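So the chains spell out like this:
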Amino acid sequence: MINKEQHSSSFRDPSGYIYIEDNILKRKIHPIYFKQYNKLKNSSFFDKLFKSGLLIKHKEVSVSESEIIIQPDQIPFITYPYEWSFNQYKEAALLTLKLQKFALENEFSLKDASAFNVTFHNGNAIFIDTLSFDFYKENEPWRAYKQFITHFFGPLILAHYHGSEMLKLMGSFMDGIPVKTIASLLPFKTKLNPFLYANIHLLAKFEDKHNDDYKGETKAVGLSKKGQLNIIQSLYNSIKKLELKETSEWGEYYNKTNYTDAAFQEKSKLINTWIRNINAKTVIDVGGNDGTFVRQINTNLTQALVCDIDNNAVDYNYKQLKKNKDSFMLPFVLDVLNPSANIGFNNKERFSFLKRISEFAPDVTLALAVIHHMTLSGNITFEMSANFFASFSDHLVIEFPKQKDSWVQRLLKSKGEFESHFDFYTLENFKSDYLKYFNIVEEQTIHDSERVLFLLKRKNGKT
Amino acid sequence: MYLLYFDPGLGAMIIQGIIAAVAGVVLFSKNLMYKIKLFFSLVKKEDDLFDDINIEDTDVDNKTNSDK
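Chains as they are written, first to last, in my numbering: chain A, 1 to 463; chain B, 1 to 68.
To be clear, the hints were calculated from the coordinates, so they are not data collected in a lab. The structure presented is a predicted model; accordingly, all values stated were derived computationally and were not measured. Note that beta-carbon positions come from the ideal geometry of N, C-alpha and C, so glycine has one too. Among these hints, one or two may not hold up.
[Claimed, not checked] Here chain B is said to cover these stretches of chain A; the calculated rule only asks that three of the stretch's residues, wherever they fall, bring their Cβ under 8 Å from a Cβ of chain B:
# : segment
1 : 101 to 113
2 : 137 to 144
3 : 199 to 209
[Unchecked claim] Keeping only pairs whose Cα atoms sit at most 20 Å apart, straight-line, the calculated DMTMM-like set for lysine to aspartate or glutamate is:
#  : chain 1 : residue 1 : chain 2 : residue 2
4  : A       : LYS319    : B       : ASP52
5  : A       : LYS209    : B       : ASP7
6  : A       : LYS101    : B       : GLU56
7  : A       : LYS325    : B       : GLU56
8  : A       : LYS51     : A       : GLU105
9  : A       : LYS245    : B       : ASP48
10 : A       : LYS101    : B       : ASP51
11 : A       : LYS180    : B       : ASP7
12 : A       : LYS48     : B       : ASP51
13 : A       : LYS48     : B       : ASP52
14 : A       : LYS137    : B       : ASP7
15 : A       : LYS240    : B       : GLU56
16 : A       : LYS51     : B       : ASP51
Bound conformation, chain A alone:
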């Protein structure tokens, strides 16, 4: 990118913007924000948040009269709200409230509460918009309150009642789910709960009522700091306790597999050897379930992206990593058949999964027990999936369950009369199509199973 060219996602806040220089993300601060920035810096506000790991650390690069340049710690892979699991989403919401409380105690206030100000790094949610803090004005209500409801509380409460799939709505409503929509989707009984009634239903009514006040005739109403702290504390308590209603606990996947323990051990041993041989430090597991397999890897990985289509599996993984402090793992929700797209203005505000992953370029991709789902459930041909996998990493560890595998059989049976259409699903065809994009480095049949494990290396020029 050209020097100091404003990043296409950073145009809303007049306080400054981010840009990329020599592949490093930096932030330019305009004079209009100098006063706030200096106060935050000199009052150890930033320091305390850096130390607690709640705000992304930065260092000052240069200071002049017309601009201050800071360089934040670089985050290798950004995930977006619509890719988070339920508890990740919760943590991001709680983080935002924590920051607002801390800000208020130090005479500051968050001027926005966008869910896109948070991402995950080193096993925790972290706030990445350094310029979001502004001076608190005595008796002023929280300007970002509605944004907090539409970006955080709304999606979470919808997920509570209707399942974690609701969190994906943030991909369509980038500026938050409209309050009216949230209110209309919630069951009637939520109107009987004073807390939910006030924060959602009444809010929707008030917003509706004052929608037409273009002249600004309505007088603003003051709110004491104590009052605002009450709102924040009660939202915090309520969100912290939120659970999904769908209690289907994840974690039984590995009991349902057709693997023997020995086959599982053999598989993980092979993968470990291969990963060591190619000296891989970064990995993406595209059907990683709850991260069981990545936890078997005993080399020192710096970053492991563990994706799954099932929000519950990702959530289970996330809870595990919080307990074990597996800070190198980054779980998120990914539907391989429909990865996140480029969205926003000019389609350049939030980036597609493919754009982000090809920039991240993991040393190796793991695709274990994935290909039969892509091919048989998704009707993705071998050539198409080979092309997909070749687009972001040099090495691919892929497991091919042969036709006789019980999972494959189950998927084939569900096709009914259409079953013969999938006669192409053979090891030979798989190999010949994948060889267009990759060379085979290793090929191993797993004992006591109908599965073959491959280590493939991308052919030159096939990116």
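Please build the complex by placing chain B on the supplied structure of chain A, with the hints as guidance.
Quick look at chain B alone, frame taken from chain A:
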């Protein structure tokens, strides 16, 4: 001056007084219930995934080494 670049929602600004009042009542009654339960030793220690809203100094110490 606020650098305001999105609509905070007029209704949302006005309503916060009411919400704060509701929140006050909710917090007060929850707190009361907690104290009553505490008195009768009914409080179970929960193993929470997330800590409370305050940024503790212990947090600060714990996390300093977590960045690689």
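The hints, checked one at a time:
1. For the segment 101 to 113 of chain A, the stated coverage by chain B is satisfied: 4 residues place a CB nearer than 8 Å to a CB of that chain, which reaches the threshold of 3.
2. Residues of the segment 137 to 144 of chain A with a Cβ under 8 Å from some Cβ of chain B number 5, which satisfies the need for three, so the listed coverage holds.
3. Counting residues of the segment 199 to 209 of chain A whose beta carbon lies closer than 8 Å to any beta carbon of chain B gives 8, which reaches the threshold of three, so the coverage claim holds.
4. Taking the CA atoms of LYS319 (chain A) and ASP52 (chain B), the gap is about 17 Å. The hint holds against a cut of 20 Å.
5. This hinted pair checks out: LYS209 (chain A) and ASP7 (chain B) have alpha carbons roughly 15 Å apart, not beyond 20 Å.
6. With a CA separation close to 13 Å, the supplied pair LYS101 (chain A) and GLU56 (chain B) stays within the 20 Å bound.
7. Proposed proximity of LYS325 (chain A) and GLU56 (chain B) is supported: the alpha carbons are some 19 Å apart, at most 20 Å.
8. Restraint check: the Cα-Cα separation between LYS51 (chain A) and GLU105 (chain A) comes to about 17 Å, which is no more than 20 Å; the hinted pair holds.
9. Distance restraint check for LYS245 (chain A) and ASP48 (chain B): the Cα-Cα separation of roughly 18 Å lies within the 20 Å cut-off, and the hinted pair is therefore satisfied.
10. Simply put, LYS101 (chain A) and ASP51 (chain B) have alpha-carbon atoms about 14 Å apart, close enough for the 20 Å limit, and the pair holds.
11. Restraint check for LYS180 (chain A) and ASP7 (chain B): the C-alpha separation of about 16 Å stays at or below 20 Å, so the hint holds.
12. In summary, the hint linking LYS48 (chain A) to ASP51 (chain B) is supported, as the alpha carbons are separated by about 17 Å, within the 20 Å threshold.
13. For the suggested pair LYS48 (chain A) and ASP52 (chain B), the alpha carbons sit about 17 Å apart, so the restraint of at most 20 Å is met.
14. A distance of roughly 18 Å separates the Cα atoms of LYS137 (chain A) and ASP7 (chain B); the hinted pair therefore holds under the 20 Å criterion.
15. Taken as a hint, the LYS240 (chain A) and GLU56 (chain B) pair is honoured in the structure, with Cα atoms around 17 Å apart against an allowance of 20 Å.
16. Taken as a hint, the LYS51 (chain A) and ASP51 (chain B) pair is honoured in the structure, with Cα atoms around 16 Å apart against an allowance of 20 Å.
Checked against the numbered hints given earlier, this structure breaks none of them.
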